[in-house]
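S.K.: Construct all of the structure, not just a fragment, from the sequences and the given hints.
In order, the protein sequences belong to chains G and H. Heads up, the first sequence is in full-length UniProt numbering, so the first residue is 1 and it goes up one at a time. Heads up, the second sequence is in full-length UniProt numbering, so the first residue is 1 and it goes up one at a time.
What the hints contain is simulated information worked out from the structure, not anything from laboratory work. The beta-carbon is built from N, C-alpha and C at its ideal position, and this holds for glycine as well. Watch out, some of these pointers could steer you wrong.
Claimed, not checked - Chain G residues, not near chain H, derived (Cβ > 12 Å throughout):
| no. | residue |
| --- | --- |
| 1 | Leu7 |
| 2 | Val22 |
| 3 | Leu25 |
| 4 | Leu36 |
| 5 | Leu104 |
| 6 | Asn110 |
| 7 | Phe112 |
| 8 | Thr141 |
| 9 | Leu163 |
Stated by the list, open to error - A few chain G residues facing chain H, derived, Cβ under 10 Å:
| no. | residue |
| --- | --- |
| 10 | Val6 |
| 11 | Ser20 |
| 12 | Ile26 |
| 13 | Ser114 |
| 14 | Ala119 |
| 15 | Phe123 |
Claimed, not checked - Covered by chain G, according to a simulated footprint, are these stretches of chain H (three or more residues, beta-carbon under 8 Å):
| no. | stretch |
| --- | --- |
| 16 | 31-45 |
| 17 | 50-59 |
| 18 | 109-117 |
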Amino acid sequence: MAEDLVLDTAIRDWVLIPLSVVMVLIGILRYFVSKLMRSFQVPDPKIVKEGHIHLFSSFTFRQVIVRARNLRGAANFIPPKSFRSRRVYFSNEKNLSMIIPQTLTFAWVNFFFSGFVAAKIPFPLTQRFRSMLQNGIDLSTVDVSYVSSRSWYFLNLFGLRGLFSLILGEENAMDDTQRMMQMGGFGFDPSKSLTAEKDGLDIVQHEWALPKFEHRAEAVLKKLVS
Amino acid sequence: MAGQGDSSSSEKKSKEVMNDVSTFRAENLQNNMKVVYYSRTFLSIIGGAIAGILGLTGFMGFILYFIVMAITSIGLIAKAKFSLHSYFDCWNRIILDGFLGGLMSFVLFWTLAYDIVHIF
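M.R.: Written out as structure tokens, the structure is:
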């Protein structure tokens with residue numbers, strides 16, 4: 001079954017490249033919207049206390065991810081209670097604020113670009129992946145390398161992250177943990193990155209590294225003076 | 001620094017030994033990690049395009065990816081003048097860090113280049 005299919009040039013022009021271009025543009029759009037929002041809003045401490053989350057009225061998901069990452073990195077240096085309250089806030093908000101653009105794009109792809117072979121991936125996969133990668137194609141004798149546009153969408157989703165981090169600066173890189181790479185297939189779960197970030201937050205063991213900092217400061221000062 | 005190649009950003013010394021507790025200057029360590037990540041991403045994109053244009057399929061393509069990653073690691077270690085512990089806190093960071101993210105970018109550009117050149 002190693003014969004080469006000849007695919008229509010029009011597929012390249014009207015499916016592969018537009019899909020990639022659209023995804024890049026949507027990513028850039030999200031970045032600029034979040035930058036705009038960030039310049040308007042200062043994070044409100046009242047929101048943290050009341051646990052009040054406005055889901056669709058603000059596009060602060062990028063801001064949230066950055067702050068959550070800062071929280072994780074610096075977690076050991078703030079007292080336990082404030083760490084916990086911040087953690088709860090972030091877990092609630094991030095789960096819901098990234099799903100929308102991904103869901104819309106996925107629905108668009110499924111509606112317009114289904115039912116034909118879109119691309120050939122250059123490496124062979126086993127038959128188990130056939131149902132995952134060839135969802136619109138109903139011929140079972142076609143090589144698994146010939147995939148539908150849904151898998152091209154997922155390939156773009158993961159692969160363009162690196163590109164975004166290069167062209168848009170470091171804050172825009174979607175945070176990723178090992179868990180994402182171990183997904184058992186391309187099951188439709190666009191909130192994976194947020195769950196991963198949330199789980200990362202959950203996992204952080206809070207050890208307050210500065211319980212004795214007064215003693216250490218005293219020791220340093222003593223050494224300086226004597 | 002965003003968008004530049006691998007050798008144009010400098011790495012900063014990130015470890016300072018302060019009396020009895022040795023802590024890392026977090027921002028410098030983070031900056032070094034960023035440099036590693038950018039280098040890997042950039043080179044995996046280029047490597048993907050090369051693999052696609054050359055028409056490598058299957059195993060050969062992944063071998064090219066590992067070669068590119070090894071070259072990246074060696075280049076970064078050479079830039080750190082082989083005294084790794086004054087720039088990073090453990091070996092894993094410079095060798096394994098951007099590996100899987102780079103793999104996805106590599107596969108994307110590999111598929112794109114391969115399709116455009118060979119199945120167009």
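S.K.: For Leu163 of chain G, is the shortest CB-to-CB distance to chain H above 12 Å, so the non-interface label stands?
M.R.: violated, 7 Å
S.K.: Examine the stretch 50-59 of chain H for residues whose CB is less than 8 Å from any CB of chain G, and state whether their number is three or more.
M.R.: holds (count 6)
S.K.: Going by Cβ atoms only, is Val6 of chain G closer than 10 Å to chain H?
M.R.: Hint holds; Val6 of chain G Cβ to chain H Cβ min 8 Å, cut 10 Å.
S.K.: At a threshold of 10 Å, is the proposed contact between Phe123 of chain G and chain H supported by beta-carbon distances?
M.R.: Holds: closest Cβ of chain H sits about 5 Å from Phe123 of chain G, inside 10 Å.
S.K.: Are there three or more residues in the stretch 109-117 of chain H whose C-beta lies closer than 8 Å to some C-beta of chain G?
M.R.: holds (count 7)
S.K.: Is the nearest CB of chain H more than 12 Å from the CB of Val22 of chain G?
M.R.: Holds, because the least Cβ-Cβ distance between Val22 of chain G and chain H comes to about 14 Å, which exceeds 12 Å.
S.K.: Does Ser20 of chain G pass the interface check with chain H, least Cβ-Cβ distance below 10 Å?
M.R.: holds, 7 Å
S.K.: At a threshold of 10 Å, is the proposed contact between Ile26 of chain G and chain H supported by beta-carbon distances?
M.R.: violated, 16 Å
S.K.: Do the numbers back the hint for Ala119 of chain G, that is, is its least Cβ distance to chain H under 10 Å?
M.R.: holds, 5 Å
S.K.: Would you say Asn110 of chain G is clear of chain H, with no C-beta pair closer than or equal to 12 Å?
M.R.: Check passes; 20 Å lies beyond 12 Å.
S.K.: Does Leu104 of chain G really sit off the interface, with its C-beta more than 12 Å from all C-beta atoms of chain H?
M.R.: holds, 21 Å
S.K.: Measuring Cβ to Cβ, find out whether Leu25 of chain G lies farther than 12 Å from everything in chain H.
M.R.: Holds, because the least Cβ-Cβ distance between Leu25 of chain G and chain H comes to about 16 Å, which exceeds 12 Å.
In summary, the numbered hints that this structure violates are 1, 9, 12 and 13.
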